[in-house]
Amino acid sequence: MTMTPTSPAGSTGSAGSTASPDKLLAPVLSATWDQPESWSLRTYRDHGGYAGLRTALAMAPDDVIAYVKESGLRGRGGAGFPTGMKWQFIPQGDSKPHYLVVNADESEPGTCKDIPLLYANPHALIEGIVIACHAIRSGHAFIYLRGEVVPVLRRLHAAVAEAYEAGYLGKDALGPGKDLQLTVHAGAGAYICGEETALLDSLEGRRGQPRLRPPFPAVAGLYACPTVVNNVESIASVPAVLARGKEWFRSMGSEKSPGFTLYSLSGHVARPGQYEGPLGITLRELLDLSGGIRPGHRLKFWTPGGSSTPLLTDEHLDVPLDYEGMMGAGSMLGTKALQIFDETTCVVRAVTRWTEFYAHESCGKCTPCREGTYWLVQLMRDIEAGKGLMADLDKLADIADNINGKSFCALGDGAASPIFSSLKYFRDEYEQHITGRGCPFDPAKSTVWADRPAGKSTAEVNA
Amino acid sequence: MSQPENILADAAAATSGSTSAAVTERVALGMPELPAPPFPAETLTRLERDAAEIIGRYPHSRSALLPLLHLVQSEEGFVSRTGMQFCADRLGLTLAEVTAVATFYSMYRRRPGGEYHVGVCTNTLCAVMGGDAIFEALQQHLGIGNGETTADGKVTLEHIECNAACDYAPVIMVNWEFFDDQTIESARQLVDDLIAGRGATPTRGAPLCGFKATSRILAGFPDRREGALEAGGSGGHASLIGLRLAKGETGPERITARPAEPAPRDVPVYPPDQAPAGHPSSHDAPQPSAGSDPDHPAGPVSEERE
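Those protein sequences? They're chains A and B, same order as listed. With my numbering applied, the first sequence corresponds to residues 1 to 463, in that order. With my numbering applied, the second sequence corresponds to residues 1 to 306, in that order.
Just so you know, the hints here were simulated from the structure itself, not pulled from any lab data. All C-beta atoms in this analysis are idealised placements derived from N, C-alpha and C, irrespective of residue type, glycine included. All clues stand as given, with none of them false.
Label pairs and their calculated CB-CB ranges:
| # | chain 1 | residue 1 | chain 2 | residue 2 | range |
| --- | --- | --- | --- | --- | --- |
| 1 | B | 53 | A | 213 | 29 to 39 Å |
| 2 | B | 210 | A | 327 | 44 to 54 Å |
| 3 | A | 139 | B | 53 | 19 to 29 Å |
| 4 | A | 213 | B | 100 | 14 to 24 Å |
Pairs of lysine to any residue, SDA-like flavour, derived with a Cα cap of 20 Å:
| # | chain 1 | residue 1 | chain 2 | residue 2 |
| --- | --- | --- | --- | --- |
| 5 | A | 69 | A | 58 |
| 6 | B | 212 | A | 157 |
| 7 | A | 23 | B | 250 |
| 8 | A | 365 | B | 103 |
| 9 | A | 96 | B | 59 |
| 10 | A | 406 | A | 214 |
| 11 | A | 171 | B | 57 |
| 12 | A | 96 | A | 179 |
| 13 | A | 445 | B | 133 |
| 14 | A | 178 | A | 58 |
| 15 | A | 96 | B | 61 |
| 16 | A | 365 | B | 100 |
| 17 | A | 171 | B | 59 |
| 18 | A | 365 | B | 96 |
| 19 | A | 445 | B | 136 |
| 20 | B | 212 | A | 189 |
| 21 | A | 387 | A | 423 |
| 22 | A | 23 | B | 249 |
| 23 | A | 445 | B | 137 |
With the rest of the complex left out, here is chain A:
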């Protein structure tokens, strides 16, 4: 794919020291989302699609792996593991089949990048899949899409059929005698299946429960064969790297976090949505160019990459939104799901709801997570309802500590994150709930319609 970043169309006249949006943003994957029938093969090819694949197929598989590794592309699903290195771990010359499994189970609260990407531009993923399968010598790839997004499934079905017809998939797709099959698989509603080993169990027709590692999927993954599991955005970014070059890719972002990415802004902001730009942009820059917090309000807390990443406050507005920057601030880049909450939001309410989510989605396999999330919910509900005790705050932290790092997979760590971080920054708000015997916030004030003039419809607001 050679989709050029959309060329700047003049300054947008943003004020003061703020750089203009065309300098801060760099749409690549999202560059064609406004085109007619952006999901179709025709539109994709009209904008240079499948050029990266031609480049890749002319290279030896190992060279493709090396090239992607040198580009510095890191996993966009949360952990940030270098994509090329993941591919390199696949043993070569073994007699087993190799598999590529794309994790399209996007379910992390706040995360909303892969779904719009697949809805508007599914061929970017398919092209990336073909390139990746060439590199890791795989003849069968799977897209594990969460089930709850039928519009996306519909377009994936259509795009895969188009790609078969065009010969990008199917017989001899990777060269003479090298066929490639791609199966779209719809999940059935389980957050845990976003965890790569749980996803593999689910894809094998089992309950989605994580596996003990090692062995890692690269050695024994799907059907106990060498398997690469990559996030949608990671794979979809590969064609652009091949088509435009690793130097171009590295010209964006930082040394350790190079490239472009999708930032998803949601919550109490003037203009929620997808903002694609180089890694390392700051939240302040994003807010400045997008219109800021919703009128008349100010930032209270936010998550950098979904609910599993420790929440941050307005102290962290100038920290680069890249892997190292967020780690340095005591959080994680995660999925770049920037959920923004203003001063009308009760942090206890927010954390209670997240905790209920983790308890609901805990698969039950390991004790710290299954029992711990359960008890966290009991304590959080009581505190929110004004029935908590001061000692509960330490108990919360203690339980979270007994989950964090002690459970089978990262779901447990994710459950502990909002507890730790909210206690760190907003302990006094917890105490207010306890001493005041109730929640001091009015939930009506944080709704999206709270500040709207009466009678104004959603359509007008979003026009």
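Take the given structure of chain A and dock chain B to it, following the hints.
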């Protein structure tokens, strides 16, 4: 919450044609359950053909279990014992193995439900942005609680977890199609339209089909309806916002609250002594304490329903 008379909490009674759930209820203690009746011969032949196609997509047959469960759900509107036995037979699994999987995933209905599954996102972001208020309003409007179905069998209401559309919050999913940027009024209108048979157009996605037809797409059979693929257009308005800014098509809006300014500590809306009676965000109120832990007011709650 109140239960108006015209509503059946047990949706099994609301839908005819599927009896196994009701049979289960009547089994006396100690009596082993009778095997589920098979599908009628004609249905079976058709489903076997579909199942063979699904199984053919995978190197190992068991991988077909999730799509097969979607398939039997597309036949009956829920996953019955008959459906599970069918999956077991096709894949050479035991009924217990299939049941273990079917009960793990939240999209498989374990009893009959409505033609339209209305899911209101009440995960934190949507909840805060209005999802809680919408869910509450719909429960009152329809006179049903979470997981229940209207007496006419049209709508099953459920609160759902994050559906990856946070930039369109608050979000409602109907048969897993997106209804973005909802308000209490738009949500009421939506369910009224569904119940009245007027249909509804998703914000992003194709015109609604029934729950069973949706399940068939999920089983991996593409939606062949004319115009379904094109409906909804390219990227949605929020998805395009960054792109339009980058192209200079829209300038930044007024920046009203500069986040740069140091914020004073948050002042609660109510002083502590005038706090409202309480509005626990939880979907279920806290349960009574455990007798075994009288020093602590928190206690175990009963298992979630289902």
